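A.B. asks: The residues making up each chain are set out below.
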Amino acid sequence: MKSPISQIYALVRKDVLLEWRQRHALFGILLYVFSTVFVINLMVREPEERMWNALFWVVQLFVCVNAVAKSFLQESRGRLLYFYSLVHPRYFIAAKLIYNVLLMLLFSGVTLLCCMMFLGNPLVKPWYFLGVVLLGGVSLSLLFTMLAAIAAQASQNAALMAIMGFPLIMPILILLSNVSQSAFSPVVQPGLGRMFLMLAGMDLLVVALALILFPFLWKE
Amino acid sequence: MLLLYVIIGGFMVPVPVIGNNQQAARSIFFHLPMWMAMYTLLTISVVNSIWYLATNDLKKDVRASSAGSVGVLFGVMGFLTGMLWATYTWGGTIVNDPKQMTTAIALAIYMAYLVLRMSFTDIDKRARVSAIYNVFAFALLIPLTYIIPRTVDSLHPGSASSPGFSDKDTAGTIKMVLWPAFIGFTLLGIWIYTLRNRYKRLALKNILHG
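In order, the protein sequences belong to chains W and F. Its first residue numbered 1, the first sequence is counted upward by one per residue in the numbering used here. Its first residue numbered 1, the second sequence is counted upward by one per residue in the numbering used here.
Calculated directly from the structure, the hints in this document are not laboratory data. All figures in this text were calculated on a predicted structure; none of them were measured in a lab. Fair warning: there could be bad hints in the mix.
Stated by the list, open to error - Per label pair, the in silico range of CB-to-CB distance: (1) Asn206(F) x Ser85(W): 26 to 36 Å; (2) Met118(F) x Ala25(W): 27 to 37 Å; (3) Pro186(W) x Ile147(F): 28 to 38 Å; (4) Ala10(W) x Thr121(F): 32 to 42 Å; (5) Glu49(W) x Val47(F): 38 to 48 Å; (6) Ala108(F) x Lys14(W): 28 to 38 Å.
Here a beta-carbon is modelled for each residue, glycine too, at the ideal position from N, C-alpha and C.
Just chain W, with the same shape it has in the complex (with noise of 0.2 Å):
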């Protein structure tokens, strides 16, 4: 038996070769991120800041369910079999954590920049802005991974991950967009630093619970 962390570390490998290979589930959130922007431009042209925040992280929402989901979806039931034969069940949870963590990065990266592109660039400090961007896009994966896990065992999977993932993420949501609002305007906010606290307790929570809970999900 290896070490835990090298088995963690094959497995994130194993992900990314496999995106890698299978380019076309990549390019076509790639796709997706562009379209969304561009409609939006076309509807509403350059949107006031609020607005503009708005729709950043609504467009986040959604980039980050279609990029998640596939994760577990993807794996056919015999694989994840033979993945259960392999590696504790942690390890594994943990492997996609880190490795839908990478993904929605990029995303988070590519999303931000379509928006700057083609909704104009409102923001006063953009490197702040690209941190709370970064950070929510972690905290977004995270609660996502666990949700497609619970999904991918039910049966009707995507209507699914909508209905349990769209309340479980709202305050998260609602955190980062109003950490996020203090880009728009060089005053300083009160209370970002609780905020900031608060999102971190709620991604570590989260982390707990699908190392705790995944074990008992795999059973089958």
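Knowing the structure of chain W, use the given hints to seat chain F on it.
C.D. replies: Positioned in the frame of chain W, the structure of chain F alone reads:
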């Protein structure tokens, strides 16, 4: 035992109406106990869910689901009484109050739990998956409704900027009615839960004992 519950629950409900004579503030006797009952029931639900994950006993799942649905019922009623109170005290049914918003989100999360339960045909799978989701929902319920609203400014008493009600209650009349109301409504909730639990167990009799 159950009959005792009914008697206590039934007798406690009329008491608040005679108790205190301030008009809108009287809603406290109905609004707060609803949340107490909801927290109690949802706690029962999540404890049973964890217990199910540990033992794989379907009866625990039945308990978790009935407690969950009755808890959501009390949550919705608490929200409705709060809306009624807000209409007369804050001048709007849904105001932008943080506690109201977070509670609405928490209720939406629990409604998703009920929808999730409906979407399975395989009972064992349903039990396992919804137990896991239930733990998630409970883990979000407590910070959402209990911790976050206390740290931000809210119209509700007991938040960062407004003090609680208890120091204004000089005569102690509110307390005298409120505590029995807490107990009464919570027991009423538990009674409904046990009824529902037994009904569901009857419906699944063949599977549970077969």
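A.B. asks: Hint says 26 to 36 Å; check whether the CB-CB distance for Asn206(F) and Ser85(W) agrees.
C.D. replies: 34 Å Cβ-Cβ, so the 26 to 36 Å window holds.
A.B. asks: Given a hint of 32 to 42 Å, does the C-beta separation of Ala10(W) and Thr121(F) actually sit inside it?
C.D. replies: Holds: the Cβ-Cβ distance is about 36 Å, inside 32 to 42 Å.
A.B. asks: Quick check on a hinted range of 28 to 38 Å for Pro186(W) and Ile147(F), using CB atoms only.
C.D. replies: holds (31 Å)
A.B. asks: Do Ala108(F) and Lys14(W) keep their Cβ atoms within the hinted range of 28 to 38 Å?
C.D. replies: holds (36 Å)
A.B. asks: For the range 38 to 48 Å, tell me whether the beta carbons of Glu49(W) and Val47(F) fit it or not.
C.D. replies: holds (46 Å)
A.B. asks: Does the Cβ pair Met118(F), Ala25(W) satisfy 27 to 37 Å?
C.D. replies: holds (30 Å)
The structure fails none of the hints (numbered hints given earlier).
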